[in-house]
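Participant: With the hints in hand, could you dock these two chains into one complex?
From first to last, the protein sequence lines are chains A and B. With this note's numbering applied, the first sequence corresponds to residues 1 to 112, in that order. With this note's numbering applied, the second sequence corresponds to residues 113 to 225, in that order.
Hints are supplied without guarantee of correctness; some may be wrong.
[Claimed, not checked] Below 30 Å or equal to it, Euclidean Cα-Cα: the simulated DSBU-like pairs (lysine-lysine) are:
#1 B/Lys134 to A/Lys104
#2 B/Lys183 to B/Lys153
#3 B/Lys134 to B/Lys179
#4 B/Lys148 to B/Lys179
#5 B/Lys156 to A/Lys58
#6 B/Lys134 to A/Lys57
#7 B/Lys153 to A/Lys58
#8 B/Lys183 to B/Lys131
#9 B/Lys156 to A/Lys71
#10 B/Lys156 to A/Lys5
#11 B/Lys156 to A/Lys42
#12 A/Lys71 to B/Lys148
#13 A/Lys5 to B/Lys148
#14 B/Lys164 to B/Lys134
#15 B/Lys134 to A/Lys71
#16 B/Lys179 to B/Lys121
#17 A/Lys104 to B/Lys121
#18 B/Lys179 to A/Lys57
#19 B/Lys131 to B/Lys153
#20 A/Lys58 to A/Lys42
#21 A/Lys57 to A/Lys104
#22 B/Lys156 to B/Lys121
#23 A/Lys57 to A/Lys71
#24 B/Lys148 to B/Lys134
[To be verified] Partial list, derived from the structure: chain A residues whose beta carbon lies under 7 Å from chain B:
#25 Pro8
#26 Tyr32
#27 Phe39
#28 Gly95
#29 Tyr98
Please keep in mind that the hints were generated in silico from the structure rather than gathered at the bench. Just so we're clear, the structure is a prediction, and the values are computed from it rather than from any experiment. All C-beta atoms in this analysis are idealised placements derived from N, C-alpha and C, irrespective of residue type, glycine included.
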Amino acid sequence: QQQVKQSPQSLIVQKGGIPIINCAYENTAFDYFPWYQQFPGKGPALLIAIRPDVSEKKEGRFTISFNKSAKQFSLHIMDSQPGDSATYFCAASGGSNYKLTFGKGTLLTVNP
Amino acid sequence: DTAVSQTPKYLVTQMGNDKSIKCEQNLGHDTMYWYKQDSKKFLKIMFSYNNKELIINETVPNRFSPKSPDKAHLNLHINSLELGDSAVYFCASSPHPMNTEAFFGQGTRLTVV
Chain A
1 QQQVKQSPQS LIVQKGGIPI INCAYENTAF DYFPWYQQFP GKGPALLIAI
51 RPDVSEKKEG RFTISFNKSA KQFSLHIMDS QPGDSATYFC AASGGSNYKL
101 TFGKGTLLTV NP
Chain B
113 DTAVSQTPKY LVTQMGNDKS IKCEQNLGHD TMYWYKQDSK KFLKIMFSYN
163 NKELIINETV PNRFSPKSPD KAHLNLHINS LELGDSAVYF CASSPHPMNT
213 EAFFGQGTRL TVV
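Bound-form chain B, shown alone (with noise of 0.2 Å):
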């Protein structure tokens, strides 16, 4: 019983292919994220869900598209993907988007050979 969990754990892959991340959690929360965490371990904000609807959306190139078909789950597709694009990206949720205290997901190592 993960509280956030995603799917897959280790994704490789050829540039230029597109991929999905699967998030989904069950502790009832209103809030979502998606996170890149770099190579140097640095981690970043890259979109907020609340209750399915975007409310953050940093610089982040448009290959990057979120998906929350319902408030449990959280998807992230990749267009074109490229080197740069390797990093392990972790999904989160919060009770509300005023409670940031976020629930992070064992993360997706993605490879973009």
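Isolated chain A (complex conformation) (with noise of 0.2 Å):
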């Protein structure tokens, strides 16, 4: 039972494209969503994270959009740059389930 749902699988913008990757959870207990980015031949890099309470949280070029109803996020990535290319995870974690649950990721690439 996948308990976090990634789509897509792979996405492909422009420079200066705003990509946007989406997760689906099941388990209502989650609070805790963070994303990850992760750079070939390097560990995840926490890049951005958001609890239950907030709709919306902005770091930097990098947004995450919450909607606890329909039990999703999704990460926005403004005006984005070729180094921005990287595989991006969502994660869920809360209730009795302390550990990070990972989507299956996303390969992102930013094409000049």
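Facilitator: What follows is the structure in structure tokens.
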């Protein structure tokens, strides 16, 4: 049972575009929703995270939108750059589930 | 001054061998994890330790044995390696079990031949 479903699997945008990656979760006890960025040969790095008491959080060019009723959250990257090309993972944790459950990842390519 | 460091970065070994991966964190965190990332990049938790005590043990073959000598170290020992164990193994840490803001190491790419 996949508790966090992520889409799309891959995404190609032009420089300056706004890629959007979506995640949906099943466990209503989840209360922490981070996004991780992973470059080839590196470990995942925490990018931005949100808790369900807010519907949006912005850090620099990265924004998380959160819809508690739909059990969905998404990552938007404003003014995307080639250096943003990486694999992005959404994750969730909470309740008695003190571990991060990851989505399957989205490979983002930003063309110059 | 790497926050979460693991060694080795690459490990190539034959089937049936026993190997260990070491992990150290200097963040002062209480909780440490081992994750496995398969060839499709799926990240799955294997184990979690809080202050040297095992708190999460997912469905992992008992050939995998984590050991935490102190809260800054979590090592992973794998016995009788199989081809299917080939993957990238990541160590991570977080402040405490209820705070899952995890910081990952650079990974160990294990190849079993």
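Participant: With reference to the structure, classify each hint as holding or not holding.
Facilitator: Results for each hint:
no. : hint                 : in the structure
1   : B/Lys134 to A/Lys104 : holds (26 Å)
2   : B/Lys183 to B/Lys153 : holds (28 Å)
3   : B/Lys134 to B/Lys179 : holds (10 Å)
4   : B/Lys148 to B/Lys179 : holds (16 Å)
5   : B/Lys156 to A/Lys58  : holds (27 Å)
6   : B/Lys134 to A/Lys57  : violated (36 Å)
7   : B/Lys153 to A/Lys58  : holds (27 Å)
8   : B/Lys183 to B/Lys131 : holds (22 Å)
9   : B/Lys156 to A/Lys71  : holds (21 Å)
10  : B/Lys156 to A/Lys5   : holds (14 Å)
11  : B/Lys156 to A/Lys42  : holds (16 Å)
12  : A/Lys71 to B/Lys148  : holds (26 Å)
13  : A/Lys5 to B/Lys148   : holds (18 Å)
14  : B/Lys164 to B/Lys134 : holds (15 Å)
15  : B/Lys134 to A/Lys71  : violated (38 Å)
16  : B/Lys179 to B/Lys121 : holds (19 Å)
17  : A/Lys104 to B/Lys121 : holds (23 Å)
18  : B/Lys179 to A/Lys57  : violated (38 Å)
19  : B/Lys131 to B/Lys153 : holds (22 Å)
20  : A/Lys58 to A/Lys42   : holds (24 Å)
21  : A/Lys57 to A/Lys104  : holds (22 Å)
22  : B/Lys156 to B/Lys121 : holds (19 Å)
23  : A/Lys57 to A/Lys71   : holds (16 Å)
24  : B/Lys148 to B/Lys134 : holds (14 Å)
25  : Pro8                 : violated (14 Å)
26  : Tyr32                : holds (6 Å)
27  : Phe39                : violated (10 Å)
28  : Gly95                : violated (10 Å)
29  : Tyr98                : holds (5 Å)
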